[in-house]
Structures are given as structure tokens and as C-alpha cells.
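In terms of the working numbering, the sequence shown has 829 at position 95, counting the first letter as 1, and numbering is strictly consecutive.
Note that these hints are calculated values from the structure, not bench results.
The structure presented is a predicted model; accordingly, all values stated were derived computationally and were not measured.
All residues carry an ideal CB built from backbone N, CA and C; glycine is no exception.
Errors might be hidden in some of the hints.
Said to hold, decoys possible - Dumping the calculated DSS-like pairs for lysine-lysine here, alpha-carbon to alpha-carbon at most 27 Å:
1) Lys882 to Lys898
2) Lys764 to Lys795
3) Lys928 to Lys898
4) Lys807 to Lys795
5) Lys882 to Lys795
6) Lys882 to Lys928
7) Lys928 to Lys897
8) Lys882 to Lys764
9) Lys807 to Lys928
10) Lys764 to Lys807
11) Lys807 to Lys882
Claimed, not checked - Using C-beta positions, here's what the derived DEER-type ranges look like:
12) Met905 to Arg934: 28 to 38 Å
13) Asn842 to Asn773: 17 to 27 Å
14) Glu853 to Lys807: 23 to 33 Å
15) Pro956 to Arg760: 48 to 58 Å
16) Thr786 to Asn811: 42 to 52 Å
17) Gln774 to Arg923: 42 to 52 Å
18) Pro956 to Thr786: 45 to 55 Å
19) Glu821 to Thr801: 28 to 38 Å
20) Ala806 to Asp919: 38 to 48 Å
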Amino acid sequence: MAFITAYLGFVGLLLVVLVLLLTEYRAEVKPASALVYNNQWTGATNALLPGTHFLVPGVHKRLEEVTLRNEAKNPSNVMLFTGDGIELEVDYIIRRQQVWDPGVGTFNADGGWQPIPLEQLRGAQRGMIARRAVMAATAINYRERDDKIQTRIVAALQAELDKKRYNQLFMGADLATGEAGLRNDAERRDIEQKVNDILRQDICTTEWGFVIQMDLEDYDLPERLRKAREQKVSAQMEGTALKEKLDALGAGNDPELKKWLVIGEVVGDALGRTFGGKGKKDK
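Construct the complete structure from the given sequences, taking the supplied hints into account.
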């Protein structure tokens, strides 16, 4: 009788362990993700790739679930400075933010990078991806990855803008006269390429486990400076128009007549704003 009781107890214990393995310690890793875990006996950290796995109770501890998908971003514009101290509003996007090994992928003709699909990987290459997932989960707070990566990108952008003068980025620009100039697209592409070169060697790639690529979409003076430039150009145009009008009336060399005509112009503009809703410069 004691033997039967002990046998039933042993079978019951096995059933409990089996249920735990099939429920609590069963790890279903979703497609395009990795489960990073720690072996509490050895201290080693590893990652499980998509599929069904089992963690050993009391030995394996779940740390983080890491996505292997590309997390493209469109961050807010940032304010940076050229090498000659001109503030610019910079618009960029992150076209590639992905936990992956750069060596397990290919570069396109345009410099873009594409990973080899996970289902095509075998052996050592799958191990390389697992190691990158471990890096992402342990080198930084994984849930703060966006802010940390964007900080690295902005630092690289500022480093490259430090090498450029404002009139290199805008050909023919002259802030003193309000001349906007033409955007130099070759310089924009040069900055973009060099920032991506920096990111390939940056800690976000070498230590954090990410592949990062950005596109430099646009840059311009901040809105307040654009308005100031427009107002300056507008004032210069109005001054030229007024001078032409005075010359046409023969007042160019008559200071007294010139004074009263200017006063009349100002008063007329003020009355127009008061009663008509618009002054001459708003038409």
C-alpha cells in the first residue's frame, strides 16, 4: 500500500512538472521577434528566435522580448547649427532601425540596406541574430531605444553640419541682404551619406545591436528667421518702390516735398488698415 501511494505521488509530481512545462515555462516566440533570457546557474544570456521553446524552471529567467522588425521613424525636426553659427531647422527620417547583424544583409545600389529574411538563415547566421538581440536587451534599456538612437543620429548630423558654411548649403545665399539662395542638393546628399557612415561605426551598431540608416529630408532657417528675412526683403522692395514713386513726382531732390509725400504714404497705409482691413503692403 505504501508503495502504491508513493508511486501515485511520484506520478502526480511528474504531471505537475509536465503541466508547468507546457504552460508557464513554454515559450512561444512570435515571428520577427526574439526572447532574451538569462541562465541563472551560469550567468550566460542568450536569445530564442521564433518558434516554440521550453525554459527550465528555476534556471532560465525571461529578460526582454525584442522585435526584429524594421522600426522606421519620422522624428520631430531638430534645431542645429552650421559651422559659421547659422541655426537651421533639420528634417530627417529613420528609414532603418532594426535589431540585426549588418553582415547578414545586402546593400542596394542607392546605399540602402536589406536584411536576409530570417527564415532563410541557418546555423551561424541565426546565432549572429540572437547575439544582436542580446546586445539590444542588455547594453541599453531596450524600451528607451528610440530616444537613445535619435540622440546618436542628431549628434552625427551636428558633427557634419559643423563642417559646412551656410552659403555652401544654399548657393548664392546672403543673410545680410535677405537673399535666400538655392538649396545645394549635392551637399544635402553628402551630409546624409557621411552621417550613415558614422552610424555604421557608432555604438548603436557596434554595441547596441541595431542597424541604423537615416535620410536627410530637408533643412532651412527656423520659422522666426525665415519671417525676419521675408520682412527685410519686403521692406527693401517697398523702399525701392517708394523711391521710384518720389523720383516720378520729381521729389527725389526736394527734401521738404519728399518728407510730406512719405508722411502721406504712411498715413494712407494706416487708414487703409483701420478702415479697409489691409494696408498697402498687405495687398
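*Which of the numbered hints are not met once you compare them with the structure shown?*
4, 13, 20
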